[in-house]
Every structure is written in structure tokens, then in C-alpha cells.
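Colleague: Since chain A is already given, all that's left is putting chain B on it; use the hints.
Line order of the protein sequences matches chains A and B. Heads up, the first sequence is in numbering that gives the first Met the number 0, so the first residue is 0 and it goes up one at a time. Heads up, the second sequence is in numbering that gives the first Met the number 0, so the first residue is 0 and it goes up one at a time.
Be aware that a few hints might be false.
Simulated DEER-style distance windows between Cβ atoms [said to hold, decoys possible]:
hint : chain 1 : residue 1 : chain 2 : residue 2 : range
1    : A       : T183      : B       : E164      : 29 to 37 Å
2    : A       : F113      : B       : G134      : 49 to 57 Å
3    : B       : L123      : A       : G273      : 26 to 34 Å
4    : B       : Y143      : A       : Q300      : 29 to 37 Å
5    : B       : M101      : A       : K269      : 32 to 40 Å
6    : A       : I58       : B       : E164      : 28 to 36 Å
7    : A       : T183      : B       : E58       : 28 to 36 Å
8    : B       : P302      : A       : V295      : 47 to 55 Å
It should be emphasised that the hints constitute simulated quantities derived from the structure, not laboratory data. Note that CB positions come from ideal geometry on N, CA and C, so glycine has one too.
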Amino acid sequence: MAKEILLAIRNLVVKYHTDDAVIHAVNNVNLAVKKGETIGLVGETGAGKTTIARSILRILPPHTAKIVSGEILFSGRDITKLSEKEMCKIRGNKIAMIFQDPMTALNPIETVGFQIAEAIQLHNRISRSEAERRACNMLEMVGIPMERYSEYPHQFSGGMKQRVVIAMALSCNPELILADEPTTALDVTIQAQVLAMMQSLKKRLGTSVVLITHDLGVVANTCNSVAVVYAGEIVEYGTVEHIFDFASHPYTLGLFGSLPKLDSRERRLKPIKGLMPDPTALPQGCRFYDRCPEAVRKCSQTAPGEVEIAPGHLVKCIKAKGGAA
Amino acid sequence: MTPLLEVRNLKKYFKTRAGLLHAVDGVYFSLDKGKTLGVVGESGCGKTTLGRTLLHLTEPTDGQIFFEGRDITNPAKKDLRRLREDMQIIFQDPYSSLNPRMSVSEAIMEPLILRGGMSKSEMLDRTRQLMDTVGIAARFENSYPHELDGGRRQRIGIARALALEPKFIVCDEPVSALDVSIQAQTINLMLDLQEERGLTYMFVTHDLSVVKYISDEIMVMYLGQVVEKAPADELFCNPRHPYSKALLSAIPVLSIHNKKERILLRGEITSPVNPKPGCRFMARCDYARKECNRPQKLEECSPGHFVLCCRYQEITDK
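Bound conformation, chain A alone (with noise of 0.2 Å):
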């Protein structure tokens, strides 16, 4: 897999200042994506996964988050030293967000194919009619009749909205998609339509992916690669083979132990016990010793470092060896 890295995210590192305390929101997480690549990340709310995504569009609220260290290298260029001027040109042009709740990401008193011109024409320099134009097959690209261009959010549902919000995002051929939850709000059915549309558009245009989900089985059905976060640090990172078939951090185990499956007939589902650690006063070593069934003292003194595995699988775990799990 000899691919173009299109992103790199290097030791970042994200905090929130509030009044009177200071939250651990992302503590040192390297990533990489490769061109045309799909990479889940994974974890459960408070992880600090929507954080990391606004990190790279650079849309933290801007009094209390702060990129503390690292860098964020985007076509080879540190995003993170951008001026505001220079990132308007990236953001919705080279990387465009699908956000969660597409109720709330449209805004109610414009028509939807007008807030698909605006987002062409703010990029491109095309005429008003041009921009209409594209939005239009924009819209028909996500399965929504051209007809509908002068209607509001409103008369659409759940599932149309996020095809609008989806085909706002796709509308300037960007080379890199941050769809967090993106069918999270939307029932299974709604879900597998547009995860199937999502798929067929990607390999189309060659879009890179970073898929923010807590839902493990839309991972094994669109991600080529998995990165598990938990408590602000990559606890595991792997191609969604290493991660289904050779999991290795306890975590990782734990989310997968604590999923119903469908094909089992056991009394009991196993959880992970208690809760994540609060992110103002996370713990000296592993910050997942509390919680882990592993756990030995020294977790507890020094946190681990990441251990690679399997060429590509790295784990960030004391216990894990080399070798398959």
C-alpha cells in the first residue's frame, strides 16, 4: 500500500480552558490518511473523536479549545499555522464536514438547493446560474429529483436532509470528507441507504473518508482502516482486519464484548465496568487501568507506549506483544 498520505496528524494535542478547570480533550494523537482511504474513528462520547475532526477543519469554539502542540499536515501543508484567510479556502472546498444531526446542520429559512449554490459559489468563480446548475446535479447525485431544489429543510425528512447536507459537502469536489455520526440520527434502513450512496460516491471521486462513529458495524461494513479512541489518545489503530480479527486492546475487547450479537445465545452481555476517566483530571499512567480486567500495577505508574503488533496494528498497551493476539 504504497498511497499517497493525504493527511498526517502529528502529536496533537487539544485542551479546553473552561473557568475552573482545564479538559484533556485530545492528548497526543498521530493519524494518517491515505488518499481514496476510509478510516473509522471509534470510541464513545467524551473520546474526544468530534474534537479531533474540528481540529483539522479548524472550527473549535474559539475562546475555550486550543491546538496546545502537533501539527496537522494537509497536502503536506501544517493547517494548524494557516491564516483564517488561507483556511476559508480549504475548509468546505478541500475538506468539507457532514455533521451528526442533519435537523440542525441546514438553515431552515433558505432553500436547500440554494444553500448548495452558495456553498459552489463561494469557492468558484462561476456565475449565480452556473452554481444553480451544479447544485442541481449535486442533488440528483444524492438521489433527490431536481424538482425539490426550491424547497425548504423542512419539507424533507431525516434521511433527505443528510443527502442534502451530504451533497453540500461533495458540491466542491473535496479531497477529504469528515462525516461525524453521519448516520447516527437515521433509522437502519435510512442508515443502509445512505451508507451504500456514500460508498458508491467515494469510489467515484476518490474521496478520502474519516468516518467518526460509535457504531462498530457501520465501521466493518465502509472502513478500510479502524482507529480506537479513548480518552483523548489513539488506544489502538489498524486496517479493519487487524481491528475485527486480531483486537488487542483491552477497549477495543471491551466494545466488542459488550455489543449484542445477533447470532449469540448467552444470558448476559459483559460491559466494560464503570465509567471514562474525566477529561479535567485523567490519570497518571494507562487511562484505562481503572476499568481494565487486565490491569497490573504498573499500568497504574506509567502510561503505556504503543507497541506495533503487526506491521500497521499498533496498540498502545503494556500487555500486547508482538505477533497476533
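Modeller: Same frame as chain A, but now just chain B:
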């Protein structure tokens, strides 16, 4: 044995400007003590309204509800409160279902105060007992909901529902708002409580893997009607209604090896306002024929397995 709960031809219509919205339309089921009935379907199929109608949180338009053999379709106001001691509900969203100005112990105590007949210290003891049962540490007694995470909040919701020792609980998407690891903790808690207390659940959800796990029997709803009803394993192994087939095939599988064949449904759920008399799934169904325009009857295709589709036999034969 009389079933704990029996529902006959239950209907709930809402008047809207566009016409009559058929939220629940002719539902029959009976539920034995200690069992769990799963109700699945997409948003807008009427599953939440069904649960609320059973508890008289909205009044049924037509049909009958029997609880322990008694007709409770039109209870008098004073009976209603007694009835609610036996029938409780756990709501979907632990963020909006708790009063933000009540502490944990106040929230759990509220049902006890409303029922009356207990001294203050008895109520406090009972509250502590309930907190222990659902696994909220005593130190949270005076905390407020905003200080707690979603899983703990949902435990308060469960403790409130248990406070009056009900026999029947409607669980309306109780774990949908929770993270998977917390979801598993909560489901285990609910299963333990059921075993200990012989509780009967109606478990309303759109999460099909959860429902298979927890239910004895499952009803699949589409636009207010039950389109299929079967024991949990039977439904998952052998779905007969075209909608159930599509719904089950749409569940993302937790494996990268057996990529199953997906049935992608066309379009979206149609409007429940003034539906036509025929099959409501027709517009999205690949098997639709002329005869589907006639009103459909629920047929028993194998013992205990009911399906609302006039073509189920031909479809399965294919």
C-alpha cells in the same frame, strides 16, 4: 392463565390539519407475566404511541386494554392512579425526562410521596434501597441530574419506575441515548431486575440487536400496524414480511467476513395521515401486486408467527 396484559384492536388516531393520523391502527397482542415483548420499527411507526396509550398517557381512540383480566380501557380518574402503581414507564432520553431541579433522592422519592402512606424516614430508607438496587452510589443522593452522566441518569429513571413495585414496565428506547459499554450495563441491570422481581417488559426500540437480545417475542410495526409478530429467534431466523426482511438485512453486521446481501428499500416511510385501506408497505415493496390494494389480514404462518402480507407464501417460496 390470564395474560398480564391483553390488547384488542387498539387504535390511536390524532387529528391533524391534513386529516386523521393513524398512529396506532388495530393492534392486538397479549403478554404473559415475566415476559418481554419487543416492539421494533422506524421513527414514526407508532411504537412510542402504543406504549403511551397502554399507560393512558394518551387516551386510546378505540379498542380494549385488559390488565390482569380487568378492562382498563376507560378507567376512572381515581383508578388511574392505582393503575399506574402497577404500570410504569422508562423514558428514552435521560437528559430530558428528569426534573433538573430535583436531586437524585428527591426524584426517586417523588412517586412514593405521591402514593402517600409512608413516613419520611421510611421513604428515605426505600429511596436508598432503590439507589442500591439500580447501582447508584449513596454519595450521589444529593447530586442533581446535570452532575451525572447519561448512564447514571437512566438508572435514576429506572429507580423511579421501580419505586412503586410495578408489575409491568414500558421501556421506551431506554438505552438508545447511551454509549455501548453503558448500554450493556443498563441492559444487564434490567434483565437482573426482571429475574428477581418477575417484571414484565414491553421494550420499544429501533435497535434490532438489542431487541433480539432482550425479548421473548417481537412485534414489527409499520405505519401503526403490526406487520409481523413472532418469537424472537423465529423472527430473526425466518422473517416472512418483506418489510421485516429489509429491516433485518439493514442491520450493520459486526464482522468483516460474512458480508450479507442487503435489501435496500426504496424511498421512505409514507405518511400515516389518511392511509389507503390496502397494504401500507406497498409503495416500497418489491413484491407488490394488485391484490395488495385490499385490506390485509394478520395470518398465522406457523404456530405463534403472524404476518400481515397476503403474498408471504409466494415470497418465501422464491
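Colleague: Now tell me, hint by hint, if it's right for this structure.
Modeller: Verification of the hints:
At roughly 36 Å, the beta-carbon separation of T183 of chain A and E164 of chain B lies within the given 29 to 37 Å, and the hint holds. Separated by about 51 Å at the C-beta atoms, F113 of chain A and G134 of chain B satisfy the suggested range of 49 to 57 Å. At roughly 27 Å, the beta carbons of L123 of chain B and G273 of chain A sit within the given window of 26 to 34 Å. One distance hint, 29 to 37 Å for the beta-carbon pair Y143 of chain B and Q300 of chain A, holds here, with the actual separation near 35 Å.
At about 34 Å, the beta-carbon gap between M101 of chain B and K269 of chain A stays in the expected band of 32 to 40 Å. About 50 Å separates the C-beta atoms of I58 of chain A and E164 of chain B, a value inconsistent with the hinted range of 28 to 36 Å. In this structure the hint that T183 of chain A and E58 of chain B lie 28 to 36 Å apart at CB holds, the actual value being about 34 Å. Between P302 of chain B and V295 of chain A the C-beta distance comes to about 54 Å, which sits within the given range of 47 to 55 Å.
Checked against the numbered hints listed earlier, the structure breaks hint 6 alone; every other hint is satisfied.
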